[in-house]
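Protein chains in written order, with the working numbering: chain A, 37 to 151; chain B, -2 to 505.
Incorrect hints may have been included.
Covered by chain A, according to a simulated footprint, are these stretches of chain B (three or more residues, beta-carbon under 8 Å) [to be verified]:
(1) 126 to 136
(2) 155 to 167
(3) 174 to 180
Read the hints as simulated data drawn from the structure, not as lab findings. Ideal Cβ placement from N, Cα and C applies to all residues, glycine included.
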Amino acid sequence: MEALFAFSIGLLTASGVFLTLRGRTFPVAVGITLLSYAVNLFLFSSGRLTINGAAVLGASEVYTDPVPQALVLTAIVIGFAMTAFLLILAMRSRADLGNDHVDGRLPIEPEEKKK
Amino acid sequence: MMQQHLPLLPVIFPLIIGTLLLLPPIANSLMRQRSVTLLASLVIIALGIWMIQVAHLEGIQLYFLGDWKPPFGILLVLDRTSALMVLLTSLLTLGALLYATGGDDNTGMHFYPLFMFQVAGVNGAFLTGDLFNLFVFFEVLLMASYSLLIHGGGKQRTQAAMHYVVLNLVGSAFFLFALGILYGTLGTLNMADMAARVHHLNPDELALVKTGGLLLLVVFGLKSALLPLQFWLPRTYSAASAPVAALFAIMTKVGIYSILRVHTLIFGPEAGELANLIQPWLWPLSLLTLAIGAVGALASPSLRMLAANLVIISVGTLLIAAAIATPQAIGAALYYLVHSTLVAAALFLLADAIGEQRGKPGDRFVAARRVQQPILLGTAFFVAALSVAGMPPFSGFIGKLMLLQAAGQTSLIASWVWPAILISSLAAIIALSRAGTSLFWRVNNRGNISAEVKPLPLLKLSGIWFLLACSPLMVIFAGSITEYTQLAAEQLFDIQTTLDLILQQGDK
């Protein structure tokens, strides 16, 4: 399970980083979302992975660390709000600047440069 | 009775005021919003002074939220350094708000509530003693700053906001990764408890903790504009409206403060194998930050851009002090930090005021019509420029002098730090004199002073002069201020006492 978990986090992070480095706002927004998923899973695993463990003492035979769950909850809420804000900002920038490039202007193509 | 809750007040009070500002009786009229916010900022200044007094005379104050004792609950720590930072924020707030009431606040909705929320976030970040809580307050201040940055709208602001928001979201993700690593290895998020536990680490977890600590440096470096992460700053600060840019002057300092706090307490000189974790990185990066700030200052096309690059220079100077990491250097840095924040904010306000009177060219360094109040604005610019560049008789001189003295302890350090600081000051002087000559003396007479340009409203002017007046005041009271900052720095380095105080409270 640990290997699968680590692999998923790694894959999500790699995809997130790749998409964040793209030039258009939509892939960047998706990239940030993937990155925040990866972070949430990672935070969750910082209390070690336990199967069939409740976060309350005495409710099950093994118990799991409740702190990461609280942290993840906070991180999810904040990440969600930030993503919503980013999407609105991206739409606003598309409307204000007339294109969806993160720099607000399209890069000059090599052929146009020569002219 | 009240004093027991003092560490919480600077956080909760702006939050309450911010919420009240959104509710009908106050939200309906701009006048009411203005007066309530100004009154509130006066109260926050009073709180700041009270905090300084308590921290100075009665030592470190702890506040346990919900009375959960450390290391389990979240706690706020009021010591000399955090009290100083809270007072600095409140002074900056009053200056920026005075300027905003002159007419920059009606270009969009909810200016004042956002302002108050940002102040709450900044104060929280200064006071918290819990690493995850620091993340939460970072998000609070960032969320407010995103909205404040694009307040008023316009192409330039949207463009700058896009970069700023994306960068900071990635920064937040990094912060959470670092927190996950540190919690997974140290098993706690209370800073004092973490500092106690780095001594008893398994050798195989050492590398992980190191990674976490350095990731935190990346995050704080992004906030404070450390070299490879500083490219967002000039554009963001020059795009924001003047009072917002003035308030943002404290944001880089939040990053620097976090570096000072976290990396001295947890990864400081007493952290065993992880002692002085960031010093090898901080040395080259802070010197290069200084260099790039100086180059940027020389290349700036407008006064706002110049002010933003001067912020980068001040960040470089402060981080050099953090790299030296002796109580003497940090004490000098705290003095310089207060000075540089207030004067940089004044310079942003001034740039806007000058730009308004020069018509279309604004604050760009090109010939334009004469400013309408040359003596008033010129004197203000002169004072600000001398103070930023570090010339006597203003506070920049004392701050830089103390830093140079602290760096002069060993000749190796001095041989790097002295040229860096002195050359960057020279660059600042050149850039500022060029700015002054173009803004005030390169006048074309084609555009006559038209009647449509109004003289600066008294409130705006009072905001600028309020911030500028702090510079000579800091010279007059330099004796007691430096004494305080030295004691604050010693307290910052006296890790064992802090640990005993916080962790013994938990055992009771």
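Evaluation of the provided hints:
1. 126 to 136: holds (count 3)
2. 155 to 167: Satisfied; 9 residues make the cut.
3. 174 to 180: Per the Cβ count (5), the hint holds.
Checked against the numbered hints given earlier, this structure breaks none of them.
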